[in-house]
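Visitor: For this one, chain A is given, so just place chain B on it according to the hints.
Chains A and B supply the protein sequences, listed in that same order. Residue numbers are given in this note's numbering: position 302 of the first sequence equals residue 302, and the series is strictly consecutive. Residue numbers are given in this note's numbering: position 168 of the second sequence equals residue 168, and the series is strictly consecutive.
Simulated from the structure, these hints should not be mistaken for lab results. Careful: at least some of the hints might be erroneous.
Short derived list, chain B residues pointing at chain A, Cβ under 8 Å [stated by the list, open to error]: (1) Asn-94; (2) Lys-132; (3) Asp-185; (4) Pro-186; (5) Ile-190; (6) Cys-270; (7) Ala-304; (8) Thr-338.
Derived contacts from chain B toward chain A, CB cut-off under 7 Å, selection only [as the list claims (entries may be wrong)]: (9) Pro-77; (10) Ile-145; (11) Ser-334.
List time: in silico DMTMM-like cross-link candidates among lysine to aspartate or glutamate, alpha-carbon distance up to 25 Å [as the list claims (entries may be wrong)]: (12) B:Lys-214 to B:Asp-250; (13) A:Lys-230 to B:Asp-275; (14) A:Lys-257 to B:Asp-299; (15) B:Lys-100 to A:Asp-156; (16) A:Lys-114 to B:Asp-267; (17) A:Lys-114 to B:Asp-108; (18) A:Lys-87 to B:Glu-120; (19) A:Lys-257 to B:Asp-280; (20) A:Lys-163 to B:Asp-275; (21) B:Lys-298 to A:Asp-262; (22) B:Lys-129 to A:Asp-170; (23) A:Lys-257 to B:Glu-278; (24) A:Lys-114 to B:Glu-120; (25) B:Lys-198 to A:Asp-251; (26) A:Lys-114 to B:Asp-178; (27) A:Lys-230 to B:Asp-267.
Quantities reported herein were computed from a predicted structural model and do not represent experimental measurements. Beta carbons: idealized from backbone N, C-alpha and C, even for Gly.
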Amino acid sequence: MFKDTLKKFETTLYSIPPTIAILIFGTLLAIAALCVLIFANVAAVVDQPFFGGIFNTTFFGIQIYLYCAVPAVILYFVSYVWWVHLKWNMMAPFHGLWSAINSQSEVVFVSDLKLNFHLMGEFAAKVIFDKERYNSITHDTSNALTRFRMWLMPTDEAVHTAKYLQGSWDSKPMTNIGSIPAGILIDANGWTKAVSPERDAIAKNVDKHNDCNMDDQVHSFSKAWDYMNKGIIETPENVKLYVTIPWVRIDNAYPMKRYQADRGGFIRQIALNILNGTYNKGLNMTTAAIFVFLVCVVLSGVMFAMAWFG
Amino acid sequence: MTEITGAIVSNFSLPVPTITQGVTPMPTPVLVQNATTTVVEGSVIPNVAPSAPSTLNPIFDIAPLHGIDFLWLNMIPLWAYIGAILVLYWFWFNISQWRKNSVLSPCDGYKDALMAGSIEAQQVIVFTKSRKWFIRMLTYHSEGILYFKDLLRTDMWHMGASSAVGTLGGLSAAITKDSFDEVVDPVADIALCTACFKFNNGEFGDAKNRIRAKQEMELILVTRPDGSDCTIKEALNEGLIPVAISSFDDYIRLRPIMESIWPNGVDIPCYTQYDPYEADKYIPKQRSASLNGGVIIKDANDYAEDNIEQPNWWANNGVAMILILGGMIIMGISFLATR
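Isolated chain A (complex conformation) (with noise of 0.2 Å):
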């Protein structure tokens, strides 16, 4: 009974982010404490205002400092608008760069033979079986303390652990975003959607390969794909290994020739905004002389001002 209900604490304990428990559970504390202090005597109304009294001033029997939670909300309103809404919700598509960055691993750009490219994390890019198969032999989840931690601090290891159980890995970071090493990769076939039928069929295969060998374990896609290509392990039916790019595509990427008639309307825009001057960014004489007029039309006004009042 009593175990029931300690696990029914757990799971609730839990649904809820660590950031709001911790909030909650700090303000109750508090205010506990808070009561202990003022039943042992310790805590009590001070004995003159603080600061002079300058913030203890009332208007309309309240005191000043009451009045400074209405701009602090508006100013935590404004804080929270300008970087949560304005500027991190607007980037949900590269969100993953951060994760990168706490959890210092790499990130990849995975593309279709479309180019819809998606930023993805070193394990849904490059990991054949499922998260939790990794995370089960490292955490040990029977542990109530580790279980605690998890929530507290949750660390996902799935890829040291596939790297490790691997031996090697083919990491080719090409690129670096900001600090970030970045990789790019392209998956013709869709191996690394969520749901997809040729990457069960590659993990069944995979499976059989890691049973029969402990010492030469495939956990990634580009050994298992090395692998199937040699014919160490066997290719699913529905596995394609390779796609054919039509000679038209290069062609496309790369001209053999360029022709000068291709840009002549662009040449002839971009002169065009050269000659009315779009392009300058200075200040022009035009501009320059509406300040000058302006400033003779107040300077006229204020003759005439003084003129009248003085």
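Guide: Chain B only, in chain A's frame:
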């Protein structure tokens, strides 16, 4: 009537250290003048006093550490602790959000393109020579040119085909390198590198394909510098075509042979890493984005010189002169009228 000397004067004392409920009644006003002053009303004149009534709140003015006589801990009320926590949290929130958002700053071009929402705004993924990756917003012209609106930055790219343009974050995304003036197609890059690698290493497929390719190659004719035609074998013997690919020119010259070997196109792995700099050895040289932009701007200036009438000084500055003259006339009239 009482004669007093003093600077700051009021007629009520500090509140007693007890909880005062409700509003303290307003004191009788005191007229204060300079050093020697005649005061009409009031007689109690303390040395220091606040300008408005102050009271203690029974909850927020509790000093949690009232009983601890160390430093000023016994004097700090609850509201000061709460205020300090709120201020510190506000600072921490801003700093942490700033840090979080600065990680995404290489991708700021995405937000610019999203907000611009115009047909001209184009999200562009850039691979720099310094192996950095970032997104910026460029202007797209319907002739297939990507460029900066500020022409002081001369980099320009030719957008040859829509197959080289993809999507990222729901927006259309072109990929560029500052070392090349065409929009980059990663799939075509991989195919080009694979074709060249296979050709150089003699990986022409199975025996059946080799026989078929050999038969087809015999039909290809190469034109000599003198205008006469010869077969591939003769051209190779005479050095008219290279035996391996080490540049874009080699690729162009050997392309008919490659097409006969792989008539449908180039097979690439369906799951493969892309190195944006690997294709640099096979793509055309001396075609950087800045060179392309510089040539276009030069062409535009030449075009303007030859075909568009240059505006004279008055056409450029006439409006400005009229405005300045008008302003001076208004000033003169105002001066004369208000003398």
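Visitor: Work down the list of hints and note, for each, if the structure agrees.
Guide: Cross-check of the supplied hints:
no.	hint	verdict
1	Asn-94	holds (6 Å)
2	Lys-132	holds (6 Å)
3	Asp-185	holds (4 Å)
4	Pro-186	holds (6 Å)
5	Ile-190	holds (6 Å)
6	Cys-270	holds (4 Å)
7	Ala-304	holds (4 Å)
8	Thr-338	holds (4 Å)
9	Pro-77	holds (5 Å)
10	Ile-145	holds (5 Å)
11	Ser-334	holds (4 Å)
12	B:Lys-214 to B:Asp-250	holds (20 Å)
13	A:Lys-230 to B:Asp-275	holds (23 Å)
14	A:Lys-257 to B:Asp-299	holds (19 Å)
15	B:Lys-100 to A:Asp-156	holds (20 Å)
16	A:Lys-114 to B:Asp-267	holds (16 Å)
17	A:Lys-114 to B:Asp-108	holds (24 Å)
18	A:Lys-87 to B:Glu-120	holds (23 Å)
19	A:Lys-257 to B:Asp-280	holds (18 Å)
20	A:Lys-163 to B:Asp-275	holds (22 Å)
21	B:Lys-298 to A:Asp-262	holds (16 Å)
22	B:Lys-129 to A:Asp-170	holds (24 Å)
23	A:Lys-257 to B:Glu-278	holds (22 Å)
24	A:Lys-114 to B:Glu-120	holds (22 Å)
25	B:Lys-198 to A:Asp-251	holds (18 Å)
26	A:Lys-114 to B:Asp-178	holds (23 Å)
27	A:Lys-230 to B:Asp-267	holds (16 Å)
The structure shown violates none of the earlier numbered hints.
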